[in-house]
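Visitor: Protein chains in written order, with my numbering: chain A, 1083 to 1355; chain B, 8 to 272.
If you're looking for bench data, these hints aren't it; they were derived computationally from the structure. Yeah, the Cβ is synthetic: ideal placement off N, Cα and C, and Gly gets one too. Treat the hints with care, since some could be wrong.
Stated by the list, open to error - A short list of chain A residues far from chain B (calculated; beta carbon distances all over 12 Å): (1) A1110; (2) A1174; (3) E1195; (4) N1260; (5) L1261; (6) S1264; (7) G1335.
Claimed, not checked - In silico DMTMM-like cross-links for lysine to aspartate or glutamate, where the CA-CA straight-line distance does not exceed 25 Å: (8) A:K1256 <-> B:E161; (9) A:K1256 <-> B:D237; (10) A:K1256 <-> B:D143; (11) A:K1256 <-> B:D76; (12) A:K1249 <-> B:D76; (13) A:K1256 <-> B:E169; (14) B:K139 <-> A:D1251.
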Amino acid sequence: MSSPVASSGGAVAAGWYKHPAVQQLGWAIAGISILVALWTLFGYYIAGNPKTQSFASFGFIPTMHAFPELWELGKLQSAVMVSTYRLGAGLAIAVAIGVPVGILMGRVKRFRELSNSPFQLLRMVSPLSWMPIAVYVYATWDGAIIFLIAMAAVWPVMFQTAAGLSKVDPAWFKVARNLGASSTQMLTRIIIPAITFDVLSGIRLALGVAWIVLVPAEYLGVTSGLGYAIQDARGTLSYHWLTAMVMTIGAIGYCLDSILVLLIKRFSWHRGG
Amino acid sequence: MSIRGTEIKIQGLTHRYTPRSPVTFNRVDLESPSGEALAIIGRSGCGKSTLLHILAGILKPTEGRVLLDGKSVEAPSPRWVMMFQAPHLFPWMTVTQNVGVGLSFGRWSKKEIQERVTEAINLVELQDYAQKNTQDLSGGQQQRVALARSLVMEPELLLLDEPFSALDAFTRASLQKDVRSIAKRLGFNIVIVTHDIDEAVIMADRAVIMAGSPGSIVDEFEVDLPDPRDRADPVVQKLRAELMARFQSAVRAKGGVPAMEEEVQ
Ligand SMILES: Nc1ncnc2c1ncn2[C@@H]1O[C@H](COP(=O)(O)OP(=O)(O)OP(=O)(O)O)[C@@H](O)[C@H]1O
Ligand SMILES: [Mg+2]
């Protein structure tokens, strides 16, 4: 776990650039720089070509100008706030349903056998195809979108939780019961710590799916959020706003995913993983 | 730490796993006085583990009952702790947390837990590893943690199901001695299931032989040896040979194929 560099204080100061974390960050920055460079070149190319000149604001530099503009107008903040709220609420519902049901699937064989087929079937339904039903059922757009996100995100959480539990050493339950664990303690002290890694991996997958579902869901009728902002920018031909929003979506998704990766590292007791 | 033992009475124990499966053992009667170390030896599949699970209250017998100090065993309890072939430690806990886990389930103050855990860790000589992740320990050290995790509950009865069979010969020999000396010092009962005649001779005051299908107890053998016991000692070797002979004739009398020396070790 601890690298030889980190273990001696002097070496850290001298060869800090050799530290794995620093190196990793270096590679990340280099990769992003290449992406930005290509984008900038592409921007110059379309700006220089008379046929595509009207799309010149798709380039990197115009996009950078869009951020302060959108910030001034408050569009960026409100879109991010609204979308992350929907994402958070949808994910929270997915976890609240997925984890307990997943535990049940992992622990109770009958329930697992009974529920496997219907759940697998529902899982294969594209989340967006619930949209008409969601709009019909929910009075608000927020409610409908949160429902769609929860619908998309619940499956990875549920199945990862169940899979995590099925890998658990059954003797742990025997030992814990023998040492006097109540059923609550069995849940909080044995089951949950044993499967935290799998639950978090499930949430990470769920986040990916949810973030992908969120934007198209916001194309369909609402008047707020990142997806709507993209539609709106397209309508008003403000292409640099459009790319700025697209970039924001990428950046937020990347950050949220990185946080989960850190959490997974923190809560994993698995060796070599 | 001082622990008292318990008087074990097994009365008419019969078990079958399902109504349609064969009887695992039939009308087993067995008694063990407080503080005794009892070995149950028998060939694979004769129902030793099943008997131990019933003793621990993990499994319900089809018929008969187990009395500890006159009270019937109905459910698992920290008063009779079972140790398995593998340590089954909780990998998200340190050595200290693993040892203290049973106490943390009960109503113990932080300070009491800390004191007893330290004492148990010292008993199994793992002071230097107290804060380590259990995955960084050797197999023998892990089994010591499991032993400390059981002992910290101050059980009246320690049930051991081939607890050292996964360890190398040296580690096994030293743990066998340690467990016996700890049990004798603290006074709790041991019931150890094994198919290792050596283990029975080194660890037990008495060995009972289980054989047949359905299994039953066919013979018993006093292991009348002073402590500490050393397997190189000619007296120990002689007793081992006697027990082996008794085991072979018991199995033969039950119509079983006499066990080969290698098979029973
Ligand atoms: N869960 C179970 N369900 C049904 N039958 C079982 C179960 N566990 C064990 N048995 C059967 O009961 C018999 C006794 O098994 P047990 O595990 O008690 O034997 P054992 O003496 O401990 O053997 P070993 O020395 O190999 O551990 C065996 O025939 C086995 O097939
Ligand atoms: Mg067995």
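Visitor: Of all the hints numbered above, which does this structure not satisfy? Sort the numbers upward.
Guide: 4, 5, 6, 9 and 12
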